[in-house]
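Protein chains in written order, with my numbering: chain D, 618 to 1129; chain Z, 618 to 1129.
Treat the hints as calculated values from the structure; they're not laboratory data.
On a predicted model such as this, the values are computed, not experimentally measured, just so you know.
Any given hint could turn out to be false.
No copy is singled out in the list; a pair is fine if it fits within one copy or between any two copies.
Stated by the list, open to error - In silico BS3-like cross-links for lysine-lysine, where the CA-CA straight-line distance does not exceed 25 Å: (1) K674 - K960; (2) K1048 - K1069; (3) K1107 - K694; (4) K946 - K1029; (5) K926 - K728; (6) K1095 - K1019; (7) K941 - K728; (8) K1092 - K1078.
There are 2 protein chains.
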Amino acid sequence: MQRALSISRQNFPEWYQAVVRDADMAEPSPVRGCMIIKPWGWGIWERMQALLDARIKATGHENAYFPLFIPLSFIAKEAEHVQGFAKEMALVTHHRLKEIDGKLVPDPEAKLEEPLIVRPTSETIIGDSFSRWIRSHRDLPVLINQWANVVRWEMRTRLFLRTSEFLWQEGHTAHANSEEAVEETMRMLEQYRAFAEDDVAMPVIAGEKPANERFPGAVATYSIEAMMQDGKALQAGTSHYLGTHFSEAQNIRFQNDSGELQYCHTTSWGMSTRMIGGVIMTHGDDDGLRLPPAIAPRQIVIVPMLRDKPEDAQVLEYGHALVKELSGKFALDEKIRVLLDTKHIKSSEKRWNWVRRGAPIIVEIGPRDVANGQVTFMRRDMLRDGDKVKSQAMARDEFVAKMPALLEEMQKSLHAEARTRMDSNIRSDIKTFSDLEAYFGAGSDDDAGEFKGWVRAGWAKPEGAALDAVDARLKALKLTLRNVPADGMKAGGTCIFGGGDAKEDILIARAY
Amino acid sequence: MQRALSISRQNFPEWYQAVVRDADMAEPSPVRGCMIIKPWGWGIWERMQALLDARIKATGHENAYFPLFIPLSFIAKEAEHVQGFAKEMALVTHHRLKEIDGKLVPDPEAKLEEPLIVRPTSETIIGDSFSRWIRSHRDLPVLINQWANVVRWEMRTRLFLRTSEFLWQEGHTAHANSEEAVEETMRMLEQYRAFAEDDVAMPVIAGEKPANERFPGAVATYSIEAMMQDGKALQAGTSHYLGTHFSEAQNIRFQNDSGELQYCHTTSWGMSTRMIGGVIMTHGDDDGLRLPPAIAPRQIVIVPMLRDKPEDAQVLEYGHALVKELSGKFALDEKIRVLLDTKHIKSSEKRWNWVRRGAPIIVEIGPRDVANGQVTFMRRDMLRDGDKVKSQAMARDEFVAKMPALLEEMQKSLHAEARTRMDSNIRSDIKTFSDLEAYFGAGSDDDAGEFKGWVRAGWAKPEGAALDAVDARLKALKLTLRNVPADGMKAGGTCIFGGGDAKEDILIARAY
């Protein structure tokens, strides 16, 4: 049987690399840990940006842009924050090159007085602006978002999932009190949940991270966690309530109604190019990527079957007319995105390229289609009937008329498929640590492991050293605490870690 | 007379700073030479991105993303290129901080083997990809664009116009021969011209830069030059034909029809946040910014006159209904962008804020407007009648119906105003260097100078040392060569620099 990929999901890590490569999404660069995002991968990011940006704006935030560099002294102001990031920072120390002994080197005379950090996140540099912008309670809330590149030096990288440079949006807000700041934190968590589910068709569990997984400097960190097809969890977005930690470190204060100076309560929240890795591992199959129509750069790709013969002109004309007609229609509240692929390569090669890239609808038109006024197409979400590729012919007018509804149906169907997988693979019947150990298998290689999914269990919410001990026991099983689902206690009972009565549920999983 | 700004264009440099500050566009950051782009400034940039991006895609280019960092050895490959940039590079030398003697410093054990350069431009890192992507003539052309931040260390900075970090797009293409590469270079120059004139309402002269103003490593550099209201020129976009310089340095080759390996001909072209400075200096007046509707983040801003009285509710309701109605209409091929400004500040303050920010239409609605079913509004492009602010009342339905045409008219009228200024201030009657000297005044302070505009004169197109000599003579007058207008020789005659017969016209001007 011919597959569009040479590797199946049986070997999940290699399959992932194959999709990234063969769907032309990204490739490693000669710069350690930095990736090159190729046009198809970038197109998916542009779609995600457009959809999430609309949500960010609709909830009252404004975009702005802050410097790439952060003075070392800024980042050192918040103690936990600098501890959390100090080990993975790119440091700029010079601003000029000089030829010395025939070799170009940093010019010793152009050494910076204070090193600059390439932003790993922008709480401190944006907080500095907040401290100047905010004077009175009338200036609050301040609701800012930034789309930017950030750098966190990584030794072991994986395209999209963990790279030294990545792209993201980071929201930063300041409020008059904790209630409003917590409300904002939860509002943006909900936006991430809705974005993941409705736009990316990726079901997630939203909840609070345990203390040991908090953002450095946060009072509370919330996440959305998605289940990949190998059963591992992917943290796909985080929202942090920062309390007054950063305000105190940076003197972000406002005069309240009674004229007293008070510290602001701040939040931050981010979603990154990591999400693209999540799309691959949620929707991909053994033929490559499958894209939910909402984030597909091209929703319908038309491959003309050209044979260097006179009838080619008619086929192309038919294709162009089809593009024009489809482009005028709307699906998922936007104009349908159609491409006629006129590259000078074989049409069968084109077809497989678009299968691997996951274009939702792939149309092939040849002289016979033109003659019959029909369209032959494949649905990428249901590519095969058994082993065979399934394509269907439809009268052209019917095809055009049906596309809006079909694209919307595909969006829902990909979501439903992933939802079923997640929902049916969160076990809440594992009640003791030894059962947990027996289920996941102590110390098995997480990459080669069979599909296990997640465990949802009650826990006593240990703190400090007790939490560290739990973390260490899980680590030995290559497991991590994901989050405390926001939908309340369901597994309950006694603490799976032996800490007495459960106070809340927590998700336990292997993770990216 | 009350003005929205405290400084008039009489003092142009200070006026510029005042507009940037008082229109809430940008501010200096604590990081040397880096700017903070505030929401209104960023909104203008988003508009420019959307409009230029559409042009870039419509001409067949695809967006992608390449690493922020460039290995030092890459940049050193093209000799002129590294010479041109070596003096203004931010160098990353370490990847970790360490506490030594109670102080956080770059960890000596985390020193990079090879320093990384924060990209000042991406020819070399993208060229490296091209050398891997391109094998055969069937792979050509490769047409890539990237939206990114870049860093060129600057000692004397001015917001938007010259900053160490700035944002831009950079196009990079590879072709089979010089004809196609030159054609691409000119195509993108034309896109910049059309973008500047039609979208930004900024008239420009497109032409080739003289050899001494070429991009480091280019065979030919073309630019669009715009005239600011102080008469100076602003280079607002450049397009470079790079020949095989970068291909040879980076081994970007393809197999031609006959199976022989040949070097690709490459191009690059860029437009940056500098353009925002150009918008200010082209369209601003003594009340602040005036925005062409196509690039205005909000084209119509409605200020409700609220008085903390019961009738406020009706005014707000009227405002919301107006927003809804206007938002459903199209102008300049896009939905009209409307804002109801509900901030808790005085409505007169709001009005002046929007005047300074240059919102094209500013509407004020109070109880009387509601009662009469009318709208009172100001056109920002014609704010005053003599010294008085001019506002007009119009029946609500008529107002809504007229907006699309009015916004389009304002776009054209701002362009026409700037076009007249430019066209009537390019002198071509100055024929000798001594006349040039007399006109501009030797060594006068360029910032305090009176309006002079540009001179278009014939020149003999000197090269090498002769060109350097011309450059030095002009420099003494604080003048520069801008470009050779693409519309042919009009001034002609003999060379203004005394080099015999003129071969072509060249623009001479003070410049940013």
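Now the hints, each set against the structure:
| no. | hint | in the structure |
| --- | --- | --- |
| 1 | K674 - K960 | between (38 Å within a copy, 16 Å between copies) |
| 2 | K1048 - K1069 | within (16 Å within a copy, 84 Å between copies) |
| 3 | K1107 - K694 | neither (41 Å within a copy, 62 Å between copies) |
| 4 | K946 - K1029 | within (19 Å within a copy, 31 Å between copies) |
| 5 | K926 - K728 | neither (66 Å within a copy, 61 Å between copies) |
| 6 | K1095 - K1019 | neither (48 Å within a copy, 66 Å between copies) |
| 7 | K941 - K728 | neither (58 Å within a copy, 56 Å between copies) |
| 8 | K1092 - K1078 | within (17 Å within a copy, 72 Å between copies) |
Hint compliance for this structure: hints 3, 5, 6, 7 are broken, all remaining hints hold.
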